[in-house]
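Asks: Protein chains in written order, with the numbering used here: chain A, 1 to 215; chain B, 216 to 285.
Keep in mind that the hints are not guaranteed to be accurate.
If you want a taste of the chain B side facing chain A, the calculated C-beta under 10 Å gives, among others [unchecked claim]:
no., residue
1, L218
2, E234
3, N237
4, G254
5, G261
6, I265
7, Q266
8, L276
Result set (BS3-like, lysine-lysine): computed pairs, CA atoms no more than 30 Å apart in a straight line [to be verified]:
no., chain 1, residue 1, chain 2, residue 2
9, B, K274, A, K56
10, A, K120, A, K100
11, A, K194, B, K244
12, B, K274, A, K123
13, A, K203, B, K281
14, A, K120, A, K175
15, A, K70, B, K281
16, A, K93, A, K104
17, B, K252, A, K44
Treat the hints as calculated values from the structure; they're not laboratory data.
Beta carbons: idealized from backbone N, C-alpha and C, even for Gly.
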Amino acid sequence: MKEKTEKTIKPNAARLLLEIKETCLNRRGKTLGLVKEKMDEAIKSGHMLELGQLLKHADFDERTAEKIRKLNQAECLDFADICNLFGGEIHIKDALEDIKDLPKDVSSLLLLSHVLLPLKIQKGTRLGHYSNPHIGSSVTFLSLSMPDDVENKDGFALAHYGTIVGFISGDLAEKLCLLQARFGEIKEACERVKEIDCNKVRKFVELMDRIRNKK
Amino acid sequence: MCLSIPKKVVKVLGENIAEIKNPDNSRQKIKTIIKLKSGDFVLSQGNVAIQKITNKEAKELLNLLKESGS
């Protein structure tokens, strides 16, 4: 009988997961510097990482960890799996459940800054455009934060609460756009919100972080 | 997964359950892992109250969000 092996994750997917965790509202002040250093070593060496260990060290809540573990049947999660999770159906449905009772202006902002949308970055600026051809409406993200340690590639950027967490190819961006177009709430949010000031979104995240970690 | 929303407690219905008022004034029952009393403001995550916050903090959080879009 084949021995059951631990699920693994590719280093670049793990890195994306950590960037998402560090920019989320439930980061609880935890600094992931050491975990990220180990991740960078793994990226260089190309070694897969044990998913269970990563989720534990990065302090993911049990609900999220379970969703990541059960993301698919594959033994190893890759970069596209994490993009699909946080830019696709599972994350969008969870967000919609959490924000359903908020005023529309607030829920639209939370939805658009929380779900990983593929953004085309205007060269030499910190402006990003979400222009989903399957929705027909676009949103401009102003003052995006671009961390030095996120590998900057051509293509589309993914932002989480106003901070760029990774870059994806045009093919993957198209897949995410198709997934996102299936949700009328995203289209409605794009029609309601034309511009998002990411500086203010990050202030919201920082205030939430201070409140969550106050003694 | 990574959303926390400020809400106001209007009634405590039991040790682990409370009725809260959402920012749109609708009401709902949520589970709680902390001791609450009516009038408290809380952060909720996935329909669970996880932390008490002040009225000022709740307002500040919602205002910052509202200001970030146009």
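Asks: Taken at face value, is the distance from the CA of A/K56 to the CA of B/K274 at most 30 Å?
Replies: 33 Å, violated
Asks: Would you settle whether the hint for B/E234 is holds or violated, based on the nearest Cβ-Cβ distance to chain A being less than 10 Å?
Replies: 13 Å, violated
Asks: Grab the minimum C-beta distance from B/G261 to chain A and call the hint holds if it beats 10 Å, violated otherwise.
Replies: B/G261 check passes; min Cβ-Cβ to chain A is 6 Å, inside 10 Å.
Asks: Would the hint linking A/K194 and B/K244 be met if the CA-CA limit is 30 Å?
Replies: 33 Å, violated
Asks: Can the hint on B/G254 be confirmed by a CB-to-CB distance to chain A that is less than 10 Å?
Replies: Because about 18 Å separates B/G254 from the closest Cβ in chain A, which is outside the 10 Å limit, the hint is violated.
Asks: Given the hinted pair A/K203 and B/K281, is their Cα-Cα distance within 30 Å?
Replies: Measuring from Cα to Cα gives roughly 12 Å; hence the hint holds.
Asks: B/L218 was flagged as interface toward chain A. Is the shortest Cβ-Cβ separation under 10 Å?
Replies: Holds. Min distance 4 Å.
Asks: Is the straight-line distance between the alpha-carbon of A/K120 and that of A/K175 30 Å or less?
Replies: With a Cα-Cα distance of about 15 Å, the restraint between A/K120 and A/K175 holds, given a limit of 30 Å.
Asks: Taking 30 Å as the top limit, are the C-alpha atoms of A/K120 and A/K100 close enough?
Replies: 28 Å, holds
Asks: Going by Cβ atoms only, is B/Q266 closer than 10 Å to chain A?
Replies: Holds: closest Cβ of chain A sits about 7 Å from B/Q266, inside 10 Å.
Asks: Per the CB criterion, is B/I265 less than 10 Å away from chain A?
Replies: 9 Å, holds
Asks: Need the status of pair A/K93, A/K104: alpha-carbon distance at most 30 Å?
Replies: 16 Å, holds
The earlier numbered hints that this structure contradicts are 2, 4, 9, 11, 12, 15 and 17.
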